[in-house]
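Going line by line, the protein sequences match chains A and B. Heads up, our numbering is the position in the first sequence plus 1, with the first residue counted as 1. Heads up, our numbering is the position in the second sequence plus 65, with the first residue counted as 1.
Since the hints were made in silico from the structure, they are not lab data. Since this is a predicted model, take the numbers as computed values, not measurements. Here a beta-carbon is modelled for each residue, glycine too, at the ideal position from N, C-alpha and C. Incorrect hints may appear among the rest.
To be verified - Not everything, but these chain B residues come out facing chain A in the computed CB check (under 8 Å): (1) Val121; (2) Glu139; (3) His142; (4) Glu143; (5) Phe149; (6) Pro181; (7) Tyr209; (8) Tyr245; (9) Asp248.
So the chains spell out like this:
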Amino acid sequence: MAASTGSGEIIAGFLAPHPPHLVYGENPPQNRVKSQGGWEPLRWAYEHCRESIQRLKPDVILVHSPHWTTIVGHHFAAVPELSGLSVDPIFPHLFQYDYAMKVDTELAKLCYEEAKALKLNAKLMTNPKFRVDYGTIVSLHMLNPNWDIPVLPISANNSPYFFSDEVGQDQMVRLGEATRRAIERRGVRAVLAASNTLSHLHFSKEPNPPEDMSQEHIQSMAQYQWDMKVIEMLRQGKLDVLKAVLPQYMKETFAEVKSGALMWMLSALGFPTTPAKLHGYGTVIGTGNAVMEWNREVAV
Amino acid sequence: MSKIRSAFVPGLPQLLPPEKSEPWKKLNQAMTTLGQEVQNWGPDRIVLYSTQWMSVLGTSYQAQSRPKGVHVDENWHEWGDLAFDFPVDANLSMALVKETEALGYPARTVDYEGFPIDTGTIVALKFLNPLGKIPVSLVSSWVYADAKSSHALGGAARRVIDRSGLKTLVVASSLLTTRYFTDEISPSEDRVSSPSDDQWNQKILGLVETGSLSEIAALAPQFTIEAAVDMQFNGFHWLNGFWGNTQVEGRVVAYGPLWGTGAAVLEIKAKGDTK
Chain A
2 MAASTGSGEI
12 IAGFLAPHPP
22 HLVYGENPPQ
32 NRVKSQGGWE
42 PLRWAYEHCR
52 ESIQRLKPDV
62 ILVHSPHWTT
72 IVGHHFAAVP
82 ELSGLSVDPI
92 FPHLFQYDYA
102 MKVDTELAKL
112 CYEEAKALKL
122 NAKLMTNPKF
132 RVDYGTIVSL
142 HMLNPNWDIP
152 VLPISANNSP
162 YFFSDEVGQD
172 QMVRLGEATR
182 RAIERRGVRA
192 VLAASNTLSH
202 LHFSKEPNPP
212 EDMSQEHIQS
222 MAQYQWDMKV
232 IEMLRQGKLD
242 VLKAVLPQYM
252 KETFAEVKSG
262 ALMWMLSALG
272 FPTTPAKLHG
282 YGTVIGTGNA
292 VMEWNREVAV
Chain B
66 MSKIRSAFVP
76 GLPQLLPPEK
86 SEPWKKLNQA
96 MTTLGQEVQN
106 WGPDRIVLYS
116 TQWMSVLGTS
126 YQAQSRPKGV
136 HVDENWHEWG
146 DLAFDFPVDA
156 NLSMALVKET
166 EALGYPARTV
176 DYEGFPIDTG
186 TIVALKFLNP
196 LGKIPVSLVS
206 SWVYADAKSS
216 HALGGAARRV
226 IDRSGLKTLV
236 VASSLLTTRY
246 FTDEISPSED
256 RVSSPSDDQW
266 NQKILGLVET
276 GSLSEIAALA
286 PQFTIEAAVD
296 MQFNGFHWLN
306 GFWGNTQVEG
316 RVVAYGPLWG
326 TGAAVLEIKA
336 KGDTK
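With the sequences and hints as input, model every part of the structure.
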């Protein structure tokens with residue numbers, strides 16, 4: 002772990018969707034359920050992210066997950082080691098994962114301080130028996146299956162649902178700023194993971210077996226067209242255009258980015274106008290998922 | 066003696082440290098009273114629907130024989146560990162799946178070690194099944210369900226329970242309104258955060274006391290538009306479907322705030338059921 006030098010930086014960000022199907026399809030030893038594969042294009046897209054992370058050798062990976070939902074404030078995991086069995090409450094037949102992760106608790110404390118300084122409600126999660134959600138685990142596993150880099154899980158505050166999309170996104174912009182300041186103070190080279198699917202309307206029935214790819218397709222043409230528009234904006238670095246259409250996109254496709262991870266990451270990255278790299282797009286039980294990378298070293 | 070009774074109760078962790086707040090203490094005492102009455106009545110089974118157990122692929126029914134473990138609430142994790150340990154009637158859950166599917170709705174059992182039992186279920190059972198001796202069947206809140214389908218799912222539960230002949234307590238673990246305070250508050254100053262929500266809740270409670278479930282159902286569309294109602298009021302619709310055409314009487318054991326939400330402890334049973 003790097004010492005606190007005050008010269009930390011964010012070296013990359015990833016849009017890292019978390020359908021448990023991706024871990025299920027990969028069959029890692031940590032998942033107790035086994036499959037015949039499936040969703041390969043998305044899993045292969047993640048291989049590019051894994052290569053980038055191995056090359057970049059970050060000190061820490063921060064992940065913002067919509068499946069750690071908090072009502073009062075933005076929470077940061079601050080337990081040195083978290084481990085246990087995480088079963089997905091929605092797809093328990095696909096995801097029963099034995100996890101163990103080291104947490105950068107010093108960074109958690111700095112994120113907490115910086116969030117408070119920006120007038121955000123914030124809290125440290127210090128209960129060692131806390132069960133880590135599947136969104137956090139899937140994104141982290143798909144980015145770094147070796148789990149040899151410390152992490153920092155961040156909750157998704159429910160403000161977009163309690164107030165409005167505008168209030169929610171504003172909170173995420175400030176949370177991103179706070180995260181960037183904390184990383185700088187901590188003196189670490191950090192990677193960010195926005196654990197979000199794009200369009201999120203999905204089928205309520207699944208094929209048997211779930212990995213029968215002959216049944217896998219986008220839930221609607223409108224949903225696909227919206228996803229392509231948004232991906233193209235990200236590929237062209239047109240973030241002002243994206244911000245303008247985001248509320249409509251979220252409304253019409255039930256996009257999971259409403260929970261804030263993408264806006265948090267883009268804010269922390271300073272809303273880069275450099276193109277994001279699309280590693281792959283694919284559907285999971287009808288939802289649209291893009292694996293994308295903002296690599297600041299490449300951008301420079 | 067009647068073989069069925071029901072309750073509509075909150076399931077938030079604020080109920081467990083009642084010393085922090087007078088309003089929470091009042092609700093805690095009401096839950097304790099209701100729990101003691103349940104123990105005295107002595108049901109064979111508890112069937113519990115929780116709005117905090119959300120499912121996507123239809124309705125899920127718990128079938129793991131004895132869920133046991135410690136749950137930490139994802140928001141109020143600093144308030145400690147919620148231990149749980151209770152038996153499940155897997156056969157009852159499987160019968161509920163069959164009856165649900167017979168209506169054309171998707172359903173499945175879940176039977177997985179480590180499956181995350183939700184806060185709403187655990188808190189409600191701490192009062193209603195404190196010794197963990199009564200076998201339960203847990204029912205998820207299907208996110209795509211509406212009033213009609215929730216009502217139908219409640220009816221399915223009634224038919225299964227009637228056929229079983231088991232003396233059963235049916236529970237909806239649900240809030241009335243869910244407009245939480247999103248800031249830290251002083252628990253002693255807790256109140257229902259929205260006066261409009263509070264007025265609506267009072268109106269609903271008045272109808273509960275007259276046993277007018279059909280009137281509540283008729284008002285529900287307006288209630289869900291004008292107030293922040295928990296899961297589109299599907300906990301009530303499920304319970305209402307369970308009672309169907311049976312004439313009922315209701316009792317408001319307590320009503321109050323839990324971090325800005327509107328929480329009610331209600332008992333609903335067949336009219337004239339005094340034993």
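Worksheet entry | Violated hints - listed by number, lowest first | Going through the list in order, the structure violates hint 5 alone and respects the others.
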